[in-house]
Structure formats: structure tokens, C-alpha cells
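Residue numbers (the working numbering), protein chains in the order written: chain Y, 1 to 316; chain S, 1 to 316; chain F, 1 to 260; chain V, 1 to 260.
These aren't lab readings, by the way, just hints derived from the structure by calculation.
Glycine residues also receive a C-beta, built at the ideal position from the N, C-alpha and C atoms.
Treat each hint with caution, since some may be false.
Cβ-to-Cβ under 10 Å is the rule here; a few derived chain F residues that face chain S [as the list claims (entries may be wrong)]: (1) Asp48; (2) Phe49; (3) Leu50; (4) Asp91; (5) His126; (6) Cys183; (7) Met220; (8) Ile224; (9) Ile226; (10) Gly229; (11) Val231; (12) Pro233; (13) Arg235; (14) Gly237; (15) Gly238.
Some residues of chain F that are not near chain V, with every Cβ distance over 12 Å (derived) [claimed, not checked]: (16) Asp165; (17) Asn187; (18) Gly225.
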Amino acid sequence: MSETTPVDLSVDLLGRTLKNPVMPASGCFSFGREVAAYYDLGLLGAIVVKATTLEERQGNPTPRLAETPAGMLNAIGLQNPGVQKVMADELPFLRIFEDLPVIVNVAGTAVDDYVEVVKQLTLSPDVFAIELNISCPNVKCGGIQFGTDPQMAADMVRAIKAVAHVPVIVKLSPNVTDIVAMAVACEEAGADALSLINTLVGMQIDVDRRRPLLANRSGGLSGPAIRPIAVRMVYDVTERVRIPVIGIGGIMTGRDVVEFLMAGATAVEVGTANFVDPLACPRIIDELRDWCVQHRVTSVRELIGAAKEGGLRDGA
Amino acid sequence: MSETTPVDLSVDLLGRTLKNPVMPASGCFSFGREVAAYYDLGLLGAIVVKATTLEERQGNPTPRLAETPAGMLNAIGLQNPGVQKVMADELPFLRIFEDLPVIVNVAGTAVDDYVEVVKQLTLSPDVFAIELNISCPNVKCGGIQFGTDPQMAADMVRAIKAVAHVPVIVKLSPNVTDIVAMAVACEEAGADALSLINTLVGMQIDVDRRRPLLANRSGGLSGPAIRPIAVRMVYDVTERVRIPVIGIGGIMTGRDVVEFLMAGATAVEVGTANFVDPLACPRIIDELRDWCVQHRVTSVRELIGAAKEGGLRDGA
Amino acid sequence: MATVEVVEQMAVGDGLFSLRFRSPVDLRLAGAYHPGQFLHIRVSDSFDFLLRRPLSLCKADVSRNELTVIYRAQGEGTKRLSRVRAGDQLDVLGPLGRGFPIHDGDRHALLVAGGIGVPPMLELAHALKARGQQVTAVLGFQNARHVILQEELMAYGTVHIASDDGTVGTKGLVTDLLTDALCTGVNRYYACGPTPMLRAVQAAMQGCSVPGYLSLEERMGCGIGICVGCVHPIRRGGDVKQVKTCKEGPVFSSEEVVFT
Amino acid sequence: MATVEVVEQMAVGDGLFSLRFRSPVDLRLAGAYHPGQFLHIRVSDSFDFLLRRPLSLCKADVSRNELTVIYRAQGEGTKRLSRVRAGDQLDVLGPLGRGFPIHDGDRHALLVAGGIGVPPMLELAHALKARGQQVTAVLGFQNARHVILQEELMAYGTVHIASDDGTVGTKGLVTDLLTDALCTGVNRYYACGPTPMLRAVQAAMQGCSVPGYLSLEERMGCGIGICVGCVHPIRRGGDVKQVKTCKEGPVFSSEEVVFT
Ligand SMILES: Cc1cc2nc3c(=O)[nH]c(=O)nc-3n(C[C@H](O)[C@H](O)[C@H](O)COP(=O)(O)OP(=O)(O)OC[C@H]3O[C@@H](n4cnc5c(N)ncnc54)[C@H](O)[C@@H]3O)c2cc1C
Ligand SMILES: Cc1cc2nc3c(=O)[nH]c(=O)nc-3n(C[C@H](O)[C@H](O)[C@H](O)COP(=O)(O)OP(=O)(O)OC[C@H]3O[C@@H](n4cnc5c(N)ncnc54)[C@H](O)[C@@H]3O)c2cc1C
Ligand SMILES: Cc1cc2nc3c(=O)[nH]c(=O)nc-3n(C[C@H](O)[C@H](O)[C@H](O)COP(=O)(O)O)c2cc1C
Ligand SMILES: Cc1cc2nc3c(=O)[nH]c(=O)nc-3n(C[C@H](O)[C@H](O)[C@H](O)COP(=O)(O)O)c2cc1C
Ligand code: FES
Ligand code: FES
Chain Y
1 MSETTPVDLS
11 VDLLGRTLKN
21 PVMPASGCFS
31 FGREVAAYYD
41 LGLLGAIVVK
51 ATTLEERQGN
61 PTPRLAETPA
71 GMLNAIGLQN
81 PGVQKVMADE
91 LPFLRIFEDL
101 PVIVNVAGTA
111 VDDYVEVVKQ
121 LTLSPDVFAI
131 ELNISCPNVK
141 CGGIQFGTDP
151 QMAADMVRAI
161 KAVAHVPVIV
171 KLSPNVTDIV
181 AMAVACEEAG
191 ADALSLINTL
201 VGMQIDVDRR
211 RPLLANRSGG
221 LSGPAIRPIA
231 VRMVYDVTER
241 VRIPVIGIGG
251 IMTGRDVVEF
261 LMAGATAVEV
271 GTANFVDPLA
281 CPRIIDELRD
291 WCVQHRVTSV
301 RELIGAAKEG
311 GLRDGA
Chain S
1 MSETTPVDLS
11 VDLLGRTLKN
21 PVMPASGCFS
31 FGREVAAYYD
41 LGLLGAIVVK
51 ATTLEERQGN
61 PTPRLAETPA
71 GMLNAIGLQN
81 PGVQKVMADE
91 LPFLRIFEDL
101 PVIVNVAGTA
111 VDDYVEVVKQ
121 LTLSPDVFAI
131 ELNISCPNVK
141 CGGIQFGTDP
151 QMAADMVRAI
161 KAVAHVPVIV
171 KLSPNVTDIV
181 AMAVACEEAG
191 ADALSLINTL
201 VGMQIDVDRR
211 RPLLANRSGG
221 LSGPAIRPIA
231 VRMVYDVTER
241 VRIPVIGIGG
251 IMTGRDVVEF
261 LMAGATAVEV
271 GTANFVDPLA
281 CPRIIDELRD
291 WCVQHRVTSV
301 RELIGAAKEG
311 GLRDGA
Chain F
1 MATVEVVEQM
11 AVGDGLFSLR
21 FRSPVDLRLA
31 GAYHPGQFLH
41 IRVSDSFDFL
51 LRRPLSLCKA
61 DVSRNELTVI
71 YRAQGEGTKR
81 LSRVRAGDQL
91 DVLGPLGRGF
101 PIHDGDRHAL
111 LVAGGIGVPP
121 MLELAHALKA
131 RGQQVTAVLG
141 FQNARHVILQ
151 EELMAYGTVH
161 IASDDGTVGT
171 KGLVTDLLTD
181 ALCTGVNRYY
191 ACGPTPMLRA
201 VQAAMQGCSV
211 PGYLSLEERM
221 GCGIGICVGC
231 VHPIRRGGDV
241 KQVKTCKEGP
251 VFSSEEVVFT
Chain V
1 MATVEVVEQM
11 AVGDGLFSLR
21 FRSPVDLRLA
31 GAYHPGQFLH
41 IRVSDSFDFL
51 LRRPLSLCKA
61 DVSRNELTVI
71 YRAQGEGTKR
81 LSRVRAGDQL
91 DVLGPLGRGF
101 PIHDGDRHAL
111 LVAGGIGVPP
121 MLELAHALKA
131 RGQQVTAVLG
141 FQNARHVILQ
151 EELMAYGTVH
161 IASDDGTVGT
171 KGLVTDLLTD
181 ALCTGVNRYY
191 ACGPTPMLRA
201 VQAAMQGCSV
211 PGYLSLEERM
221 GCGIGICVGC
231 VHPIRRGGDV
241 KQVKTCKEGP
251 VFSSEEVVFT
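All chains should be modelled from the sequences, with the hints used to inform the complete structure.
Written as C-alpha cells, this is what we have:
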């Protein structure tokens, strides 16, 4: 069915037309190399690679993972080889895939770190856009303070926009009282797009050992469990900002993508689902196409904001 | 096994010894009458009844409920018969149960409402304690503003403490950037105990109808999905306050109770589980006893805060 | 609540299933069940389907102590339920709620039902007939492949059928069949089906001054009256209040029911 | 990744199960599998068990294209897996990771394993024997009811057993059996088991200067190298880095492995 029908899955994001609105989420796809053994990454709308910091980081001790009802906790702690190696050893590999925009997730400790990483990445021909990770809950000073205070977030965004020659997406934390205020602050400071949500802070107790299961004690909750929280935040944020929003949180199927699009997202990122099934992204794209066929939707753009009272959202 | 062993399940809360740390959560047990057809409510550690407001309320239109992965959304909207009828028609029924402390959950729109409800309840011989619901996400002006601003929360607590002759538990919202700040503000303002968490704001889109599924658009997320978030908040809050904390969120089994106790809770409330299984509370109590037997724990008090670095938490 | 054994699961139409299982209560006991009540069923022990599904009691076999429900597998939960097989265990709460009151003075009852509102009519027809009443049923279906219980109901009286596409019976809505002629001599009607149908039936039957009962369909959390999720506006005295359909319903006097 | 058919599930001891299923890859292909690799298995399609469980390849039957894993049902997920029956479908990813390197110059290999670290030793013993090496196995178990694969391994060489309570073999730890006499003439050792055992084996074998490999056990998210959850500190060059055990392991040269 999916092969023969003329559904237009493409969406416009930051001046580019993506084949479809589905991309793997940062930290859930490494730099693409491993999954490339399973399918052609050129099928993806775009790819968001692992958080990149100025220097190499080893991350947190193990255990770093726990399973929870319909979800998981992680406390990876931004392990990555540092921006130099990412640019030299990782990003060029992705050139072989046709029309695959690469978004690099950037993390750090202070504004200066972030600025320095962006200064380097912005010169790379391999980088389509930057996703500012001001929302990682798993590192002390891992950026989450920028993700919970609108003023700090705005200052960060302005500093980054001053040096970036590529579009800047700001990834928001759900661990806030008022995500709309965060979104508005980032938009006003010049963010080109927003992505949400990052993980919610959670904890599991190992009752046999009588201590928190994760070595880091707390971790970030992801997976289907958090989807209703993410959908609501996307809905509320897109009521108030005009820049595009990328929806993230618990997407497992094409139907889930439809839910985020209808809530107002222009595109989505798929995280945890990649761990459950390496073929998750292409399967989800197929399911999205099938859903459109079954519901006589000829372009996914028709779905963006379709559940809103005011009707459709301007997709770009 | 559970009958013959000498596990002491009792805990001390607010000057009273509860038979066990398990009580049904507010809004998930109505006023007890219906479940009394299924078992002797005297088995419960205590009972927390439905949010009570000054006047009768009809709540939100339907649909009020949705199912989500390992959870559910509700937007009941504080439907209740009003404090007069609650005191006259509902609370006296609970007298027939032996040693069953009754905690009344109180909600309102303005500080004055809350004060008025508490003034009336505090005179009732049927009320052991009051649980201040400053965290209901499902009503415009349903109290959540008090639940997200430490200063407003503190003012509310002081106003209530000035009129209450019974202990005051403050129920905290998880929809905040810093729940520890909220907890500390309430403790400093004189709260006798805290309970956490209430539901997280969430939304589900009915993709067939292209609109939010709940008539109220958003609702409160509860159930096992939110347990890791609740456990982390209980752990963090009990690191900083000295008053007892009641853990709430996704408890389905006795093992889950152990998790909350080890995280620092003195007692727990069971919500959504009652909908899945009317016998959930007595089953959970049995499972808690069995767990203690298997792990050679002679008193559940030994478990309170057992997962903390500093070791046990003072149970009272 | 009880875990009972599934006796039989059978496809009975396009996406429609009949599920028979041991009753969680002894059906011989007085008041153990009543037509119009529902069973609240856990479709799986997975948290993916945390909430129970309410399904109407369609048939009670007292001698074997078995209950039957008939349901459409439309959402994920009922699809999962359709995988259950004879011999499997099923977690069933009920029968719950207030069913259809039967009035011994009546001589002729009209049953009006649409789609998956038809199942409770079978046990109701059985009970009415047992009390000596004449039964006429008016049923609406999407199309011929969705017809259920037609023959079973014919054992109790005349059955009229309407379908959306005319592939069975009259083309149109059940309310098209509620003519003055049909209602003549009817003492009372009993209706179950989707909300728009109930609203139309309420209006039509008010027109011909026949009193009756409506079985409402609201999303249920607990099924036993503790979540206050399943309410519907009901007029009693002068006031309209949100009343729990699981506990005080799902069946209400037609004149009480307010459609907004 | 593939959905394959379960051929057999069998209890093989106290809470221990052997699960045989069709291989998701053609085992006749070169490099299709290697002893020490693992299968990453979805225990149910429910989100209650979102993550796959890593289980070591215990036996590959090339002619039937079947794989066997042996596992302890300890947590909820493996308990659920133990309910799977012949004919059921199983979602299996793998074989994944780097297994035990086999050195053709070696003449005598020592296999050291504890508890559920024993299963990968069977396929390894088979491969070593096929290459003409002498195999000696030293196994540790909690007690007699937890013994697995003793007879199967005896088909490949001498098997020594230790148990915590002395109900089988020598009372004590596997490392108690790693005497100088036993290690004499051994070219290489291969170890798998819980971390404390591996640490002790590493120390003991370093003492008698026999090189070897350790198969590490870390919690895995993806099993394919994209979540960076499964790392272990590995010394390479001068640096200690957190290396993914699913992709570059689970087997590492003993001297590289850092226990903190
Ligand atoms: C008193 C009563 C009796 C019923 N009797 C029957 C019957 O005999 N046969 C039959 O086929 N159906 C009956 N229904 C409708 C049936 O309950 C729903 O079709 C079913 O719950 C849908 O579940 P799902 O898993 O298919 O859908 P999902 O979309 O997966 O359900 C998600 C949630 O929404 C609820 N829900 C979704 N649709 C409905 C609906 N239409 N009504 C109530 N809850 C809904 C579910 O119970 C569940 O909690 C009855 C409903 C009520 C209230
Ligand atoms: C490479 C490798 C090979 C293994 N081979 C075998 C084998 O052949 N036979 C066998 O019985 N066991 C083996 N294990 C251990 C096995 O993976 C765990 O016992 C199992 O995952 C526990 O799952 P559960 O559902 O019982 O526990 P749960 O507590 O429900 O698991 C929760 C989560 O923690 C993870 N987890 C819990 N304990 C462990 C552990 N000890 N190691 C890794 N992850 C864990 C689970 O995978 C899951 O993600 C192996 C582990 C690894 C890393
Ligand atoms: C193991 C893991 C690692 C992650 N690493 C990052 C990261 O490096 N940068 C980032 O912005 N988000 C990171 N995230 C968050 C995801 O990108 C995503 O926002 C979140 O998991 C919610 O989506 P999901 O429910 O689809 O997984 C990580 C998530 C997981 C589970
Ligand atoms: C249907 C429903 C109604 C609720 N009503 C109230 C309420 O009236 N007052 C209140 O403080 N909390 C209310 N809650 C929140 C619960 O008391 C509890 O804090 C929350 O559901 C988390 O616990 P759980 O995961 O065990 O359900 C309600 C929850 C549900 C699901
Ligand atoms: S379904 Fe819970 S009160 Fe009716
Ligand atoms: S398990 Fe995900 S990187 Fe190893």
C-alpha cells in the first residue's frame, strides 16, 4: 500500500524541505554509524546526533540505565568524543546518504563552552543546524540551569545566535513550571526553532540493595510513559510561538507522529524507540504514510496543528 | 504466610500510629462508601477522601478520562457535593470502621475559600487531618497557582494553619521547576506534613476527531508511568525537609510501597490502582507484609529512607 | 472482582466477537445480575491497557453459571481482548451498575438499539418475555456485515432492522422506523446505542408519549463509583447534576437524561 | 532483528530455562555467529518490558538453523520470557557484539564461569575443541539445584565445580579452584560471570601469568551501540575510556579491563 500512493510526507523546516518529518533524537542514535548497518539513513527526514561538548567526556559510571513502566531512565552524562573528533571522525561519514540534513546537539557547562562548540560546528559543511541542549538533567552543570530559567536561556540563545551561521534549534526541558515562558524567551532571543521535550528527572530504587539503582542516583525518563506530557507541552507552546516546533517524547508508531503533528509540531524526533527496534524510524515513516492513506490525507502538512481550536498551524 | 508472621507494619504520622502506611489517594476512592462493599476499610492505614470545596461543584464535561501508556489522564474538575454535605452525609459513614483516620482533601479557588472549608472541617470529630490540594491541574483557578509559587504556597499554609485545629498536610504539584523549594516553603510556613505527587499535566489527541480527547483539553497524568518522577521528588524533598512526607504516584504493588519508603516517605497513597482493582489497597498491604517477611524486615519503619546516603530517615 | 475462565471466544461479524466466560458471581443468587448491567473487564494484565473495558451483559446462562458479552474490537484494548482464547483466565468485575427496570404492569415493550448497543437487548428481551410481555425490537446497523443477534432476538418477538447503507433492512436510521404505527400499544421503550442515536430516540419517543429508558455510554475509569469519570447530566427535581453512569446508571429514565 | 519461532522452552534447574528458537540469521554464513556473542531479546510486546534482555548465545545448531540461550528467570522480564512456548513468536536481535577470540596457536584453554555466566562456555568449548584445543572448565554455582551444562561441557573436557554451599563439587568460589597446578600448561583463559567473580579471576590469573578474556555484564539499552548505556572502563594505550560493551564487547582482553 505504502509504495503506490501519492502521500506527500515532506515538511519545511528552517528553509529546507525534509523528505518526511521523522528524525532520530539526540543521544538515541549515536552518530548514525551503527544504525547505518540496518537501513539506508537517507530514508530519514533528518538526523540529530549525540550531544557534543567542547572536550571529550566519559560520562557517568554505570549502571546508567533502568527500565520503568512504559519507559526507561538514563544517566549517560553526555559521553562523547568532543567537538573536534565529532567533526573529523563522525560527521563526514554521513555525507554518503542522500539529502540527509544533520543536526548536531550541543551541550556544555557554561555559555562560553557552548559558544566555542558552535563556533567550530558552524564552519563545518556537514552541519545543517544546531540543537542547543539546555536541558540535560544528567550532569551537574550539564546545562539544565539554562533550561529552567527564561532569562538565562535567552542570554544563551543570544550568545549562540551571535556566532552561528546555521539555524539554531533550542531543545527545552520539561522539568519547569512554565514551558511556554521558556519557549517565548527563546523565540524572542532569536531561536529559529524549538524542540521538546527532553527527559523528565526520575529515580528508581533498587529495593534489594537499598539504594538508587542508577550510579548517578537520578536519571532522565523517556519512552511512551512521557508522551502525554510531551504532547501537552507541544500543544501549549505552539499556541504561543510562531517558530516551528519539533515534537519529542515517547513516539513509537506512525500514529504517535500524527498526534504530535496535530498538536502543532512541524516535525518529530524519535528517541527510545530506536533502542527497542533499530528499524523504528523507517517503520514509523511507513506507518505515517499508511495512516495518511487510510485517512485520505494527501500531505502531512495538513496535519500540523489540526487539533487546535484555531485550526491549522502555519507549518514553517 | 502473611497471617503468622510478626512484621510490624505500623508507622507514626502526625501524632497517630497508623496500622500500616497504605492509604487510598484523594479522588481515587470517593468518600469510601463504594469500596466498603468490597472490603473492611478498617484494614487501611488511613483514608484520604475526595477534594472538598466550599460549594458543590459539577466538575468538567465528559470525556474526563483517557488511557495512556502505563497511565491515565483525568480531568474530573473537582466534582464534589460541597463541604456541608461532605460533613453531614459522607464522613459519618466512616465511623463504623475501627481506627480509620480520615484525611480530607481540601480545594478551592482563593485563599478565603480554603480557609472557610478548613474552618468548618476542623470542627468535625470525623477529621483526623486536612490535605491541602494546592496542586489540582484540572480546574482553572483550581489551586494550582498556589502549588507553583513558593511564596503563594507559604501564604496559603499560614492562613490555613491559623484556623486549623487538626494537622495540615500540603499536597504538592510535580509541575514545577523546583519541588524542593516548594516543600521548604511549606515546611517553613508551618505545614505538618507533605504529600507528593499530584498528577502531571498531560494531553492526548483523538487523531480521528482531530482534537484533544478530553473535553477539558488537558488532564492530569497518573499511574505507573509517573512513578519514577514521584520517587525522585520524594527522595529529593526528604533530603531537605524534616516533616514527614507521604509518597504518591503509580503505586501498584507492595514492592512499589517499599520503593517509596526507602526513598524517604513515611507513608503512601494509592490512587489509580484502585480503579484497576477495587481490592488494590488490601492486596498491596499483604504484599508489603510478604516482602518484609522475605527480606527479614521486622518493622516497615526500618525502610523509611533506607536508600539514602545518610541512612535511615527519622520516621516522624 | 474475580479471575474466571474463558469458555469460548467466537467471531460473530466484521470485527465483532462473542466472549463467553464463567460468571464471577453465582448467577442463581437473587439480584446477582440484571439485564442492562455491564461487566468491567481487564483485557490484559499489561499496563499498556491499564483501565478495564465496560461491556454489557448480553446473555446469562444460569444453569452453567456463564456470562456472554458481544463486542466490537475497535480500539487497541478490545483488539487485545479478541486474542483471548478458551481456557485463558479473564479478570472480570461485575455485573455492575443499574440495569433496565422491568414493570410488571406493562404488556408490550419496544427495544431500540444501534450497533454495539444491541447486545444488552438479548438478556432484556429474555427477561421481558419471561414476565409475559410482548417484545418488539428495532435495530440499527452500519451494514449487513455488522448485524448481530437478529435471529436470537427473533425468538422473543418481531425484529425490525435499519442499516446506514441499506444492505440489510430499511436504509436509514433506527429512528426512521419509530413510526406512530410501531409505537401504538407500546407501554415502554428501552434504548441502547451511541449518544446521537439516544438523543434522536429520546426526541422521537417523547413525540409519541411513550416513556422509556436510555442506557448511556461514557468512558469509565473504575466502574464502581470512585473516580467520577463517567458522569452524565441528569435532571432530578429541578437540578441538573453530573451523575455517575457506572453506579446510578448506565440505565436512566429517558426524561431524566439531558443531552447538551 | 527478526521475529522468529520458538522451538522449545524447557526448565533446566531452579528458575533456569533453556530456550531454543529459529536463528534470525543464516548460521551457515561466514561470521554469522561467534561464541561469546549475545542475543538481544524482547520478552513481550508490552511496554511493561520496553527494553530487550541480553542473553548469551549458548548453542548454535547450524544444520537446523537454531539457537539456544539458557537463562535465569530472576526479574520480571525474564520471568515473562519463561512463559513463552514452542510455536510462539520471539523478537530477537543478533547475534550481537564481539565474542571470544580463538587463537590457533593455543593448545589448552581454561574456561572459568559462574552461574548464568556458564551458558556461553558451551558454544566456546565446542569451537575450541573443533580447533583441536584441550578444554578444561571451572564452574561455580550457588548450589546443586543451580548446576547447568555440566554434562554437556564434560563432552569437551574436564569439568571442575565449586558451589557456595558445597552441595555440589568443592565448597567455595571458582577462584579457589584456580590453583597453580590447574593452570599449568594453560595457554589462555576465558571467563564469564558476575563482576566480583571476574575481578577475582582477573587477579588470580594475572598471578599465574596466563592471558585471557573476560565477558562483561553491563545493563544494555540498545545492544547495538547507540545508547551508550553499557559502557565499562577499558585501558587502551595509556588512557582508560568508557567503552561500549555491546559493540566492542562483551568480551575484552583481561588486561584491558579496569574494575573500579
Ligand atoms: C456501560 C457500557 C456498556 C458497553 N457495552 C458494550 C458492549 O456490549 N459491546 C461493545 O462492543 N461495546 C460496549 N461498550 C463500549 C466499549 O466499552 C468500548 O467500545 C470500549 O471500551 C473501547 O475500548 P477499546 O480498547 O476498543 O478502545 P481504546 O480507544 O483503546 O480505549 C481507550 C479507553 O477509552 C475507553 N473508551 C473508548 N471508547 C469508548 C466508548 N465508546 N465507550 C466507553 N468507553 C470507551 C476505553 O474503555 C478505554 O478506557 C459499552 C460501554 C459502556 C459505557
Ligand atoms: C552480554 C550479556 C550476556 C548475558 N547472558 C546471560 C545468559 O546467558 N543467561 C542469563 O541468565 N543471563 C545473562 N545475562 C544477564 C541477563 O541479561 C539479565 O539477567 C537480565 O537482563 C535480567 O532481566 P530481568 O527481566 O530478569 O530483570 P529486570 O530487573 O526486570 O531487568 C530490568 C532491566 O535491567 C537489566 N538487567 C537487570 N539485571 C541485569 C544483569 N545482571 N545484566 C544485564 N542487564 C541486567 C535488564 O536487561 C532490563 O533492562 C547477560 C547479560 C549480558 C550483558
Ligand atoms: C539514552 C539517552 C540518551 C540521550 N542523550 C541525549 C543527548 O545527548 N542530548 C539530548 O538533547 N537529549 C538526549 N536524550 C533525550 C532524547 O533526545 C529525547 O529528548 C528523550 O529521550 C525523549 O524522547 P523519547 O521518549 O522518544 O526517547 C537522550 C535520551 C536517552 C534515552
Ligand atoms: C480520577 C482522579 C481524581 C483525582 N482527584 C484528586 C483530588 O480530588 N484531589 C487530589 O489532591 N488529588 C486527586 N487526584 C490525584 C491523586 O490523588 C494522586 O495524587 C495521583 O493520581 C497520583 O497517584 P496514582 O499514580 O497512584 O494515581 C486524582 C487522581 C485521579 C486519577
Ligand atoms: S467509572 Fe469511575 S465513577 Fe463511574
Ligand atoms: S547497549 Fe546501547 S550502546 Fe551498548
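Comparing the hints with the structure gives:
no., hint, verdict
1, Asp48, "holds, 6 Å"
2, Phe49, "holds, 7 Å"
3, Leu50, "holds, 6 Å"
4, Asp91, "holds, 8 Å"
5, His126, "violated, 27 Å"
6, Cys183, "violated, 30 Å"
7, Met220, "holds, 7 Å"
8, Ile224, "holds, 5 Å"
9, Ile226, "holds, 4 Å"
10, Gly229, "holds, 4 Å"
11, Val231, "holds, 6 Å"
12, Pro233, "holds, 8 Å"
13, Arg235, "violated, 13 Å"
14, Gly237, "violated, 14 Å"
15, Gly238, "violated, 14 Å"
16, Asp165, "holds, 36 Å"
17, Asn187, "holds, 50 Å"
18, Gly225, "holds, 28 Å"
Violated hints for the displayed structure, listed by number in ascending order: 5, 6, 13, 14, 15.
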